[in-house]
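Colleague: Go by the hints and put chains V and F onto chain R.
So the chains spell out like this:
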Amino acid sequence: MDKLIVSNIQKRLGGNEVLKAVSFELRRGEVVALLGPSGSGKTTLLRLIAGLDYPDAGRIVLGEKLLFDSESGVEVPAERRNLGLVFQSYALWPHRTVFDNVAYGLRLRRTAPSQTRERVLSVLGQVGLEGLAERHPHQLSGGQQQRVALARAIVYNPQLLLLDEPLSNLDAKLREEARVWLREMIEKLQISAVCVTHDQIEALAIADRVLLLEKGRIEQEGTPQEMYENPRTIFAAEFMGSNNRLTGTIAEIRGAMAKISGDSWELWGQLRSDRRDGETATAVIRIEKTRVRDQPAENALAAKLETTLYLGERWDYLFDAGGQRVRIWAPTAPAQRPYWLQFPSESLWIF
Amino acid sequence: MRQTCLFAALLPILLITIAASPDPKAPATSAQIVAGAEKEGKLVVYSTTDSASAAPLLKDFGAAYPKIALEYNDMNSTEVYNRFVSEAAAGSGSADLLWSSAMDLQIKLANDGYAQEYQTPEAAHVPSWALWKNEAFGTTFEPIAFVYNKRLLKAEEVPQSHADLIKLLKANPDRFKGKVTSYDPERSGIGFLLITQDARTDPAFAETEKTYGKVGVKLYTSTGAMMERISSGEHLIGFNMIGSYAIAKMRKDPALGIAYPKDYMLVMSRVAIIPKAAKHVNAAKVFLDYLLSVRGQEIMGNRAALFSIRPDVQGETTAASLTKQMGSSLKPIPVSPALLVYLDQSKRLEFLKQWQEALGTK
Amino acid sequence: MRHAPQWHRILAVLITGTAVMLPLAIIVYQSLLDAPFFQPSAKLSLSAFRFVLTDGDFHRAFATTAILATGMTAVAVPLGAILAFLLVRTDLPGRNWLEPVVLIPIFLSPVVIAFGYVVAAGPVGFFTLWAKQVVGAAPWNIYTLLSLTLIAGFTHIPYVFLYTSSALRALGADVEEAASIAGAGAARIALTVSLPMVRPAILYSAVLVFFLGFEIFGLALVLGDPGGLLVLSTYLYKLTNRLGVPSYQLMAVVAVIIIAIAFPLVYLQRRLMGIASRFVTVAGKGFAQRPLRLGRLRWIAFGGVLFWLAATVLLPLSGVFLRAFVSAWGEGVRLTEVLTLENFRELSDYPNLVRGITNTLGIAVIGGALAVAWYAIVGLATHRWQSPWAKVMDYLVMVPRGMPGLIAGLAFLWVFLFVKPLSPLRSTLFSVWLAYSVVWLAYGMRLISTALLQIQPELEEAAAIIGAPGARVTRDVTVPLIRFGLLGSWLLVFMIFVREYSTGVYLLGPGTEVIGSLIVSLWGTGAIDIVAALSVVNVLLVAAGLAVALRLGVRLHG
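Residue numbers (the working numbering), protein chains in the order written: chain R, 1 to 351; chain V, 352 to 713; chain F, 714 to 1271.
Calculated directly from the structure, the hints in this document are not laboratory data. Backbone N, C-alpha and C fix where the C-beta goes; we use that ideal spot for every residue, glycine too. Hints are supplied without guarantee of correctness; some may be wrong.
Cross-link-like lysine-lysine pairs, in silico, DSS-like; alpha carbons within 27 Å at most [to be verified]:
{"hint": "1", "chain 1": "F", "residue 1": "K1133", "chain 2": "V", "residue 2": "K630"}
{"hint": "2", "chain 1": "V", "residue 1": "K528", "chain 2": "F", "residue 2": "K951"}
{"hint": "3", "chain 1": "V", "residue 1": "K505", "chain 2": "V", "residue 2": "K603"}
{"hint": "4", "chain 1": "V", "residue 1": "K603", "chain 2": "V", "residue 2": "K675"}
{"hint": "5", "chain 1": "V", "residue 1": "K698", "chain 2": "V", "residue 2": "K484"}
{"hint": "6", "chain 1": "V", "residue 1": "K501", "chain 2": "F", "residue 2": "K951"}
{"hint": "7", "chain 1": "V", "residue 1": "K459", "chain 2": "V", "residue 2": "K505"}
{"hint": "8", "chain 1": "F", "residue 1": "K1133", "chain 2": "V", "residue 2": "K698"}
{"hint": "9", "chain 1": "F", "residue 1": "K756", "chain 2": "V", "residue 2": "K698"}
{"hint": "10", "chain 1": "V", "residue 1": "K565", "chain 2": "F", "residue 2": "K845"}
{"hint": "11", "chain 1": "V", "residue 1": "K627", "chain 2": "F", "residue 2": "K1133"}
{"hint": "12", "chain 1": "V", "residue 1": "K528", "chain 2": "F", "residue 2": "K756"}
{"hint": "13", "chain 1": "V", "residue 1": "K627", "chain 2": "V", "residue 2": "K484"}
{"hint": "14", "chain 1": "F", "residue 1": "K756", "chain 2": "V", "residue 2": "K459"}
{"hint": "15", "chain 1": "V", "residue 1": "K561", "chain 2": "F", "residue 2": "K951"}
{"hint": "16", "chain 1": "V", "residue 1": "K459", "chain 2": "F", "residue 2": "K845"}
{"hint": "17", "chain 1": "F", "residue 1": "K845", "chain 2": "V", "residue 2": "K505"}
{"hint": "18", "chain 1": "V", "residue 1": "K565", "chain 2": "F", "residue 2": "K951"}
{"hint": "19", "chain 1": "V", "residue 1": "K561", "chain 2": "V", "residue 2": "K518"}
{"hint": "20", "chain 1": "V", "residue 1": "K393", "chain 2": "F", "residue 2": "K1133"}
{"hint": "21", "chain 1": "V", "residue 1": "K613", "chain 2": "V", "residue 2": "K675"}
{"hint": "22", "chain 1": "F", "residue 1": "K951", "chain 2": "V", "residue 2": "K704"}
Some chain F residues judged to face chain V by a derived CB distance under 10 Å, without partners named [stated by the list, open to error]:
{"hint": "23", "residue": "G838"}
{"hint": "24", "residue": "F840"}
{"hint": "25", "residue": "T1238"}
Incomplete in silico selection of chain R near chain F, CB under 10 Å [unchecked claim]:
{"hint": "26", "residue": "A50"}
{"hint": "27", "residue": "G51"}
{"hint": "28", "residue": "Y54"}
{"hint": "29", "residue": "V74"}
{"hint": "30", "residue": "A78"}
{"hint": "31", "residue": "E79"}
{"hint": "32", "residue": "N82"}
{"hint": "33", "residue": "W93"}
{"hint": "34", "residue": "Y104"}
{"hint": "35", "residue": "G105"}
{"hint": "36", "residue": "R152"}
{"hint": "37", "residue": "Q200"}
For reference, chain R alone in the conformation it holds in the complex:
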């Protein structure tokens, strides 16, 4: 039973409340992404789980083992938690070869030399670094270094793998490949993992479940689809994707639906907050859900094309619709014609 239970974790750093009573659970074999902007406390949370730092209050349990409990004063230091951690910087030891880097944890666990060797070489094979065992870290590319870091973290079969921004040190192209590779590796190893990232795409791609953190609290938690398609707060909506936003006032509420209106426009959408009639509200819609029409349609606004950007795979159109800026993505070049922008009411969230 390698279930991680984090409950009511609080942490202050230099007078700042970095984490305010954070709780979550991680089931066996599950990958959880801790997602959030910088300063949200995600890295701190990871370090607390790792034992590199200790919470001010709360409780952390891994499987049968109590790792931290502020009430009973239990503080298991990092070296006795049996976790694996892939550092953002990789933190490879430059004075040791790849082999020695990876073998370190096994040697600490007094594994027999022959077994160590076998195990290290097999893990290196798994991560695709055959034949590089005798190199020093500075002789490897960034991607290879990342694999060494992963190999070092998993070689001793830790109960839980922690990943701190594992892809952020790679350039954009490599990052996409590494994302796929990492997901594959995690699935293959059937390991429980916590991955810290500030990139929502990375979180969606790698994780089974996403924890969105903001200002030391969990804003929302759920599967990648839930998080993307059903954000419960404006922050979650904004953070998880690229959106169009329109600001107006609530004109009418009908059940779960509400009408938001501006100077010369009005739209129906899903009411996602406890806003009441006459209150200012923001309507948010994913860019890809915004449609372009050449004639008036339901829940649509007439718009004036301001400018377009050519991005290779697609075009970005920028409109002015009733004084609001609206973006859409289109596969083709713009034409000289009138435009209406349709905001399907099931996709328009009003906060």
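Modeller: Structure of chains V and F alone, referenced to chain R:
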């Protein structure tokens, strides 16, 4: 302001009065030289006598000749020599008078032609062994004695002769192991001078050396350093200690005792020379005369604990009192070229080698 | 900019070069003569080399020095490295206040420390007597080579600490955290990750300590005396009188030998420095670092550090202070009966001692400022200067490092005697100041370059792009940015100049008295009362400098 004016007006009269009065104790320097010295107004002395010991003397000199500003520099004996020779070679300003306990180096300077002649009017009152060619002048009469720790050495154990000391050491080799101290002839000029004089004077010197070696004699470069360690009990007794320093120190430190060896006691004399290149020649002559005058010698004998050399000066630390006490066992080291023997490199090194072998340090 | 004439820069190199090379040249020249070089009879000859190289004392001194240097390196390097790890990376109790405290031995004059050991732990020192009462016999003898090595090793720990700790600070915490995650405890992390990763810095300090061992003077002068232990520098000191007359040629030979040993080591150090800087680039991202937990080792380690401080600072200083306030000490003396302030009163009786104290203050405060100004000018002159001259400068700066203070002082005495335009300055503090500044050139330059390196090149480049000529960039950007660094350097140089003792020994004369060389000279004449009082004054001056430095938040490591 008015007082200063008055004093300034009176000063010449005062001075004339001093110069004119036939004070028998005052230096008999000719008026002409004194006038010249006052015109020079300055005097630079390099000396091995530390300022503390010399202080009463310097103060009194200042009172006698207020117009001569005395710049007194004390340093160790080698330094006096090295500094002077280097400065002489560089032709830069140096001392007007060298006053050093390294008798051999002073004679060497005179012998090498660095010193100028001066017929001091006080010469007649100084023993002839202390003068050489009117160039080098012995000024003091300092006993070379044993110094011991009164707390740790019983009165009846205190050696009264060199032979006694050897007997004492032989009788208690364990107790005195590492507890005997003396000058290191390799590092100290005066130490070398004294031990070579011992070698000449002590009939049983070979045996003496060996005994020192057996007890592991500890060697230092100064009487002061040795006395500190005798006083603390780190060492019990030291030989070839300069008596004048010991007596000065004993006045403050009740732990120290001094013993004069009765078989023979070396007597050392601080030698003064006036370099040829002296810038303030007259002032140097005035100072030399002062050192040898009754006035200066009385201060040495009664206040400075430097042991005056003039037989006609009475007091606590004087040649007269020592002679009365010790008689013919006194062995003054003559101020003469005989001192140059061991400045010959090979002879010196040979002596040192033999000394080290006897001590068993080589 | 590169093609514009760089006369001011070249001038700075030439002046510094002269100040550095002239004394060296005189020493080498003197070593090849058969008499003092100013004697008309002096001829070119290898006789001095022959004399020294066949002298049994030299062989013994050389062997002793080699053992001492090796031994103290073996003591200081592991302990210093561990100390650095404890203070920089762990939750050692009191690490914040310990940090400046452990550097104190650097700023204490070795003569003072050695003298303190004699009074505190010598054969009749008060701790020894006390131990004798308890154990029955003196449990130690501080006059042996072993004790000398241990004391030298202990007092040199801060040098190792200095270099190792700054390397450790530059090291990212992540590499240690990685080891911690893998299951390693603090001790293991130190031995398998942290210290191996700063190996170049440790090696560098090992080389430094080793050649400081070859230059050791003060400790050996005081502690080697009674046991008849000679090291190279005290052997050199002994040669002053060996032949009865100045044997400068012999002293020069010993100096040349010491320099010949030191230079390759200095060169090796430079190489290591280069390797070290390459190593640092791997340092990862520093997160708000949490000190490694020592667990049970915590109090043991703390006790170890305190023991070392007690043995290296407290013990000798208590000896010095005690001796300063008594008229006698040792076996059978009741301290309550001999307490006195006489020793301090006596100081004022000696004009040269009073001058020594004011001179020391002057040379440390004003001289220190001038020295820092000189170092800063040289540093700025070669700052970001792509030229062979800058390389030359790099090496010039290292030259005095290989020249022990005693020898440099002697060489400067000759320079001031025989370089006619300088000779009027010989009896002034200028001679001492110049010697001090040259001897500490490498140290000072390191302080300056550390400050300069902290300026990002972009800041200066930005000014240049806007149109500021080189001198304006220096005046408007560089100097203001290193202002605090210069202030810190001044305080450090102040303490170093107060402490310095060997360089002034041969320059000591009327007008050039400083506390350090007075102590050496008075130690020789045995005026121990005064030595003790002067030592206390010396320690208090250093303490004042230290207090100001800490108050201002100056980092004590360059």
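Colleague: Taking the numbered hints from earlier one at a time, note which ones the structure violates and give those numbers from smallest to largest.
Modeller: 6, 7, 8, 12, 16, 24, 29 and 37
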